[in-house]
Amino acid sequence: MRKIFFLSSKIQSDFLFLVLILLLILQWTSPSMASPRKPSETRRGLVPASLLNWPEEGSDYAILVDKSAQKVLLYRWDNLLAPLKVYQASTGENDGPKLRRNDRKTPEGVYFFTGSYKKKELAPRYGTRAFPIDYPNPMDKKKGKDGYGIWFHGLDKPLKPKDTNGCIALDNPNIDELATYIELNDTPVVISSQIEMVSPNKLENEKKQLLKVIEHWRTAWERKEIDQYMSFYSPRFSSDGKNREQWKQYKALVANKYNRITVKIENLRLLKNDGIVLAKFDQRYSTERLESQGEKRLYLQQNSTEWKIVGEFFQKERVRRFAPKKPYPTSLDHIKRFISSWKKAWEEKDLGAYMVHYDARFQSRGMDLEAWEKHRQRLNRKYRSVKIDVTDLSIVQVSDRTAKVSFKQNYQADEYHDFGLKNLLLVKKGEHWKIKEEKWNQLSRKSRP
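Residue numbers (the numbering used here): 17 to 465.
Each hint can be trusted.
Here are the simulated DSS-like pairs of lysine-lysine, each with C-alpha atoms no more than 30 Å apart in a straight line: (1) Lys359 <-> Lys452; (2) Lys228 <-> Lys159; (3) Lys224 <-> Lys312; (4) Lys223 <-> Lys332; (5) Lys359 <-> Lys420; (6) Lys228 <-> Lys390; (7) Lys228 <-> Lys450; (8) Lys87 <-> Lys134; (9) Lys280 <-> Lys445; (10) Lys359 <-> Lys424; (11) Lys360 <-> Lys455; (12) Lys87 <-> Lys136.
Computed Cβ-Cβ distance ranges for the label pairs, DEER-style: (13) Ser247 <-> Ser422: 31 to 41 Å; (14) Thr321 <-> Pro140: 48 to 58 Å; (15) Tyr197 <-> Arg120: 21 to 31 Å; (16) Asn275 <-> Ser209: 47 to 57 Å; (17) Lys398 <-> Gly310: 45 to 55 Å; (18) Leu459 <-> Gly382: 18 to 28 Å; (19) Lys101 <-> Pro251: 39 to 49 Å.
Source of the hints: derived by calculation from the structure; they are not laboratory data. Predicted, not measured: the structure shown is a model, and the values here were computed from it. Beta carbons: idealized from backbone N, C-alpha and C, even for Gly.
Hey, can you work out the whole structure from these sequences and the hints?
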């Protein structure tokens, strides 16, 4: 009898030990108990699919919201492989994109901040800071979505997942820190059910494809080639109450009205979410009798393999509201020294020092920064000596962070010689100028290098 009792006790003890081990395993692997992993740790080598192109002027930062992970991620333009900051957040208590007022859902799409409030201006439940976003945006309205009052804000209580009426809430220290990176109507916010990550090559290829589409669209508009222009529009397109056919008729009337149309695009930003790309840029439109300037938003969706415009919206006056800035000091001497340093590195065939002068987003003659470096490396191997003379230097500082430089360039490498007009677009990153675009037009019969 004692032996039976001993065996029974041993079996019970072993069973309890196994149950304890199973509970520990479940606790360790449970999503609610496991240590959270940073996106950069779980998806190494990938970049956000949403951040396709950054403008010459504007915010250097973008904010992504991952509703599934309940996180807010801050990215800077020059490093998409890892977020600069990651914050725990709380979104709407109900899943899915916001469709109606009081559905307690957080919207999904691309948005911009429209206002800023400090603690003294807020009810206690909003914490120390609050930033409204422009929900519903033009595309939301086109889809019939409604509601209002979607904010990024702090809290007066502990942060819990999915605990808001649709806003994005952060702990007060985090919203205070995030506030330092926000520029109203300029810093983008991409809210997704889950952030899509892709390889840098895939991102670059999609960016190039979209840039090509937008440039061909602009050219067709400028040349008044209405059939070609309309080929970029989806059958589902509508704008200002006009469907695709009505839009075509309207554009044909305008094209016939003027002898000349000029369309310029500046500060192009490309952002993608859930298969729809927002192309946001400053548009300058002019004819022999009319000039118009404002912000254009194109919404594009891929139809099989081609990108088509599904929505187009124009605001005549810019909506950007920046904090008042002191007039920027003239940087002409600084830019002259920069050009001199760039020229010196080029003549000395010091490729490392030469490439330091170029922006990471550089483009020239269909080459990006990597291709440009390889091109210059080939020329350095080809020629023993290089001599560049710069004359008729012109510098126009467009803003505190952008300048346009032009000059006549006399280039000689060994027995080779050419002469042309060089145009550089400079952007300022921190305290340093960088070349973002470089164009060269021959002024003699000699071929370019």
